[in-house]
Amino acid sequence: MIRLATISLLAVCPHSADGLSLSPQTPSAAAPLMARQPGTGSSVTLPTQAGAWVRPDQGRRITEETIFDYMDGAGELYLAYRFDHLDVYLYPAPTPSLGEIRVELYWMRSTDDAFGLLSVDWGGDAIDLQERGVIRQDAVPAVPPHHALYGGGLLRFCSGHLYGRVMASRESPASREQVLAIARSIVKGRPANGRPPAVLSTLPGRLGERFVLRPDRTCFFRSHYVLNSVHYVAPDDILGLNPTVDAVVGEYRAPQGGGPVRLIAIAYHTPDAAAAGLAAFLKSYLPGGGTQAAGRPVPSAARGEGGWFGWAAQDRHLAIVLGAPREEEAKAMAGAALAALIRQ
Amino acid sequence: MSSDNEITRRDFVRTAVGAVVGAAALAGGAEDAAGGPDQAAARPGRSARVVIVRDERVLNDTHDVDTVVLDRMLADTVWRVTGEKTPEAAWRALFAPADTIGLVPTPHLNPTHPELVDAVRRALVGAGIPPAQIREAQGGIEKPRACTALIAMPALKAHWLTGIGTVLKNYIMYSGRPSSYHDANNANLGEIWLLPDVKGKTRLVLVDALRPLCDKGPQPDPRYLWDYKGLIASKDPVAADAVGLQIIMAKRRALRGEEWPLSPPPLCVSAADEKFGLGTSRMSEITLDRAGWPRDILV
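Chains A and B, in that order, are what the protein sequence lines are.
Each residue of the first sequence is one higher than the last, beginning at 1 in this note's numbering.
Each residue of the second sequence is one higher than the last, beginning at 1001 in this note's numbering.
It is possible that part of the hints are untrue.
Counterexamples of contact, computed for chain A against chain B with all Cβ distances above 12 Å [claimed, not checked]:
#1 Ser97
#2 Val120
#3 Gly123
#4 Leu227
#5 Asn228
#6 His231
Distance ranges between label pairs, derived from CB positions [unchecked claim]:
#7 Arg61/A with Gly1045/B: 56 to 62 Å
#8 Gly1140/B with Ser172/A: 38 to 44 Å
#9 Pro1107/B with Gly259/A: 35 to 41 Å
Covered stretches of chain B, as calculated for chain A (at least 3 residues, CB under 8 Å) [claimed, not checked]:
#10 1182-1196
#11 1218-1225
#12 1228-1240
#13 1256-1265
Think of the hints as simulated: they come from the structure by calculation, not from any bench.
Quick caveat: nothing in here was measured; it's all calculated off a predicted structure.
Where is the CB? At the ideal position from N, CA and C, for every residue including glycine.
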């Protein structure tokens, strides 16, 4: 239950669609000017005070050009999705021992991009920020039905085009309460999240007879940086990923134990891009045999680290299975995954 | 490749950084350059010493540093690294009053505790180093250029673009092109330690393992921070990184209850040994000196 009584003043964070800097506003000027985002019709409202934590200013705008000044060594993650800009707000407490609360609002160019950022890590406790419950028709079995996750003082959430991080530098029951209150204020009045990226619906719940999808390991991505951070595939971008690509990696386990099987399903923008992705993948995974392998009937398979890998491609779609226990399973899994991908 | 029709991550290692590292990786055991500490057999005449000093009281429940305890841990650490009879003698064995000493903490992701930087500064002054000759040296290449000696002071952490982001990565800004060391190119981080303004200047590696970060980030997620309450130190930067890697891998296993490889693989540790000759990455060649709080030491 949101405790709005603890939020003494509601100030509004005006930002414009063209990335103009935030205009100064005093706490007393609490008239509800909403933040409009490109194409979203969305808005956010930030309290100026949350319990003991008070926001003294209007925050800071971070763009693609300045993101590395703000987070050296981390900006790549956001640029790997379709990043528009970031707004940062700090809530220091009068007593330093309470620490500060930092609010980061990442405005992405699509809801899929905001969702992708959340899907990089499904760990933490699920939080229902809008208190509307899970909307069944929008849930897909490939991922957990959560839009907000909390752990260790950090709340991560997606809301439409917005991916948010609200973090207390010192976790306590009081800071947790205010982190959630701030986040609820941000998403209040925003539309409920719709369906996750369409490519997720193509991920089979099972691969073969034995392997069952682990939804908490599913990640939507567009960049090899993100793919490699989830499961290392190759040193370079051998799959030809870019912002026009919708891709998902899923992990499957057999209840009896043993190593995981992973499925990478990619919807490229064009058939040529899919063919190039497969060719480059096979060239890397089958040195010396990649050219011939690309001409094999699909699905096909070859022996690799931790088992067999299989592949299947058609039109603008590519499915790759890694770690299958047998050749025939690798082929069948890749074929089934491709069929599901094509039905998208 | 392992067979005519099979490729492994180790092959990628070979592709990425050359045959030397690939061969080393292939010689390894269950874990190696593909994501964990190098368990290969010891080589004749190769050895390193790494000290781990821990104290349960150095952090309180809200992770605040007790500077008195930290000072004591630091004294114990440097004394053990050098084998001198007192901490003051240990510092004097490492540095001369004429040295200009650069302290190189890590400012990002999981930053080095400022209390540790202050403790080192106090200890150096106490050992007779003029305060004006002690400076922070993180940043551009002009920083180490102005120093005659360096203390690498990273915090222990995994990193989403380089696998591990601790000792070998600590000098990445000296390169002037940090993004060129991402992904498998992290294998080349060791070359930065051979730049003319850097080479041979690091007299002590002191890893802040008070509260390490065991998952990749890119921004710190408190769920992956934990109170290890330790300092790790060595004169060998590669050995210090190898031990840190062992601790991170053990923590990741403990969290998930299964193998949880770092991704991208932290190739830099093996490569710093095999390709750049900066020290030893093989656990079999490292003598560990453990002192203090033994619980969950993980190595």
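- Message: Run through the hints listed earlier and report the numbers of any the structure violates, in increasing order.
- Response: Per hint list: 1, 2, 3, 4, 5, 6 and 12 violated.
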